[in-house]
Amino acid sequence: MAFLAAKGIWKIYADTAEPVEVLRGLDISIENGEAVGIFGASGSGKSTLLHIIGGLDRPTEGSVNAAGFDLGVLSDDEMARFRNREIGFVFQFYHLLPEFTALENVMLPALIGGHARSAAGKMAMDALDAMGLSARRDHRPAMLSGGEQQRVAIARAAVQRPKLILADEPTGNLDRQTGAKVWEYLVDLNKRLGIALIAVTHNRELIDKSMTAYELKDGKLNRLGA
Amino acid sequence: MRVVAGAGVAIAVAALVISSSVGAGFEREYEKALLDFNSHVIVMSGGEIPDERAAMESLRQFSGATESELGLARRWGWLDGLVGNGSWLDNVMPKTVMERAAQVREIKERQMISMSPFLYREAMLVGPQVIRGVIVKGIDPHRKDSVGNMRISLAGGEVSLESALGAKGGAIPVLLGSAMEASIGPLAKRLRLVIPSKEGQRFVELVPVGSFESGMHDYDAEFMLMDIGAARRIFGVAERAASGIELRLSDPRDAGLFAQAMEEKLGSSFSATTWGDLNYDLLAAVRLERLVSALIMSIMLVVAALNIIAVLVLTAIKRLPEIAVFKALGLKDRDLERVLIRGGMNVGFKGISVGLAIGLLVSILTKKLGLIPLDAEIYMIDSLPIDISWMICGIIAFFCLSVLWLASRFAAKRLAGMDPAEGLARAR
Chain A
1 MAFLAAKGIW KIYADTAEPV EVLRGLDISI ENGEAVGIFG ASGSGKSTLL HIIGGLDRPT
61 EGSVNAAGFD LGVLSDDEMA RFRNREIGFV FQFYHLLPEF TALENVMLPA LIGGHARSAA
121 GKMAMDALDA MGLSARRDHR PAMLSGGEQQ RVAIARAAVQ RPKLILADEP TGNLDRQTGA
181 KVWEYLVDLN KRLGIALIAV THNRELIDKS MTAYELKDGK LNRLGA
Chain B
1001 MRVVAGAGVA IAVAALVISS SVGAGFEREY EKALLDFNSH VIVMSGGEIP DERAAMESLR
1061 QFSGATESEL GLARRWGWLD GLVGNGSWLD NVMPKTVMER AAQVREIKER QMISMSPFLY
1121 REAMLVGPQV IRGVIVKGID PHRKDSVGNM RISLAGGEVS LESALGAKGG AIPVLLGSAM
1181 EASIGPLAKR LRLVIPSKEG QRFVELVPVG SFESGMHDYD AEFMLMDIGA ARRIFGVAER
1241 AASGIELRLS DPRDAGLFAQ AMEEKLGSSF SATTWGDLNY DLLAAVRLER LVSALIMSIM
1301 LVVAALNIIA VLVLTAIKRL PEIAVFKALG LKDRDLERVL IRGGMNVGFK GISVGLAIGL
1361 LVSILTKKLG LIPLDAEIYM IDSLPIDISW MICGIIAFFC LSVLWLASRF AAKRLAGMDP
1421 AEGLARAR
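Heads up: the protein sequence lines correspond to chains A and B, in order.
Numbering-wise (this note's numbering), the first sequence opens with residue 1 and increments by one.
Numbering-wise (this note's numbering), the second sequence opens with residue 1001 and increments by one.
Some clues are possibly wrong.
Derived Cβ-Cβ restraints for the label pairs, each shown as a range [as the list claims (entries may be wrong)]: (1) B/1319 / A/73: 47 to 57 Å; (2) B/1303 / A/41: 44 to 54 Å; (3) A/188 / B/1303: 49 to 59 Å; (4) A/58 / B/1364: 58 to 68 Å; (5) A/7 / B/1299: 48 to 58 Å; (6) B/1364 / A/116: 12 to 22 Å; (7) B/1405 / A/116: 22 to 32 Å; (8) A/180 / B/1402: 23 to 33 Å; (9) A/114 / B/1372: 56 to 66 Å; (10) A/114 / B/1346: 19 to 29 Å.
Think of the hints as simulated: they come from the structure by calculation, not from any bench.
We put the CB at the ideal spot given by N, CA and C, even for glycine.
Just chain A, same shape as in the assembly:
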């Protein structure tokens, strides 16, 4: 059985004068540990798709089953628990909390998940270590470069070893070289720890041959290179 199966996903924003159909009956299915790259132009609905898969948003129509949960029937509390345990998010603008150090930012999901502070600290140190950032543990986000901030964000997404990491334009705010390096870290997480990965980007070059590649166009996913 697929780890994630989204079927017939429609997302229509009806609060505008003319309803906008962002996703139009989209289907996607991925297996445990699979890496998926989704390419699409700006405004094609990539972020919306990730939010729906990650339980941050609900589809207008369609069903999402992930890690054995039918997201359509989960309560808000159950959805929050699902996001905390099963999903790791990486955002284009990192979204680190400015008042917290790198270590504290990475500890957050573990603390929210109910881990003791000491255990959360150890998990966060391991995750930062894997990103090559243990020396930067006490630095606040403002003292880190863009690439470093995104690596801290990746460590935060991976700290509880979720089953799936959703990366929304993780390199979109970085220069080409730094972006490529950050992408490598993400792919490495997938390969080394077997965490499934869905990464969306508007840079087609980043999606390598080891990933299942899709293009999001007209509200539907088209398999690339199939």
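Got chain A sorted already, so can you dock chain B onto it with the hints?
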């Protein structure tokens, strides 16, 4: 922004504390002054009481409660208003409670501690530079409590009220109200009372032997006291007649209940009026003023609480992406609510603490230093009265915390329920 919101709460709380203290101060001062001058219950009989001794004999049944009985009535006094008045509570209360309430009521009906006859008459006072109307109150100086708790100043050489008001040759010794004394000059001046009579008018020589101060300017300006025997003589009243009998109780707050029980037992031959009935207008006005000022200040506090909502909402809107990230990381709505409520309460708690401190400081300084003088002819007291009640401060703090908690909860619930996808989209 938070400082401004906190300052709003602090100002509202300080205003509430100060206005409550001033309101309570006025009420206490007026009550004290009224009780110093007035007795707690006045018993009258249609027109004049023809025989004061017979009247007092029949009133004696309302005295006799012992100290230990009065102590018990004080401890359990709250039961009296609660049960035994025919309400539904009477049916559900255990028998022992009902018996205790009945016992308290019975003790309270015997709580009279003293009685004293009095005679009121109006006359004209004439002095070297004064002609004015006065109210003459004849009292029995031999009786305890005949002058209540008024401050009495006797002229040099006088050692007691009895001797001061005792016969002084031809002139009638009188005690003048302090404000009257101040307006007509030194005590040594001889005064005359002009009394209307069938033959026209009679002049009676007076000799001031001291003064009294009740704390109420009106009383102190209009009344003079003399021996009731002398008053009867000069006004041509029968030997044992009196305007009424003044009663003092162990607890003046029970006057209403006491008067009611007394009228029920004595029938229509006597009527009882309480100190509260006599001064109903003044007390009602003071209580209304206190209530209205508390209401207005509470509205101020609600406005301050709305500021806290505004601050919470603005802060949250500014930090919407971070709230969205917290939700993305799996923070539950109710945990987020708790964090936001804590933020609001933190601002509110600091505001309340500072407000209480400012309110108490201003109240204490005003009280100790008498910072705000009043015109006694208008307000009847000479400086702004302050009565600081820790219980009222506690109620204010509790009320403020409740309002702020509600405000914070309202804001937090709205914010925690926002769509995380929208928050993330705003960060772009």
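Okay, the hints, checked on the actual structure:
no., hint, verdict
1, B/1319 / A/73: 47 to 57 Å, "violated, 31 Å"
2, B/1303 / A/41: 44 to 54 Å, "holds, 50 Å"
3, A/188 / B/1303: 49 to 59 Å, "holds, 57 Å"
4, A/58 / B/1364: 58 to 68 Å, "holds, 59 Å"
5, A/7 / B/1299: 48 to 58 Å, "holds, 56 Å"
6, B/1364 / A/116: 12 to 22 Å, "violated, 48 Å"
7, B/1405 / A/116: 22 to 32 Å, "holds, 30 Å"
8, A/180 / B/1402: 23 to 33 Å, "violated, 57 Å"
9, A/114 / B/1372: 56 to 66 Å, "holds, 58 Å"
10, A/114 / B/1346: 19 to 29 Å, "holds, 24 Å"
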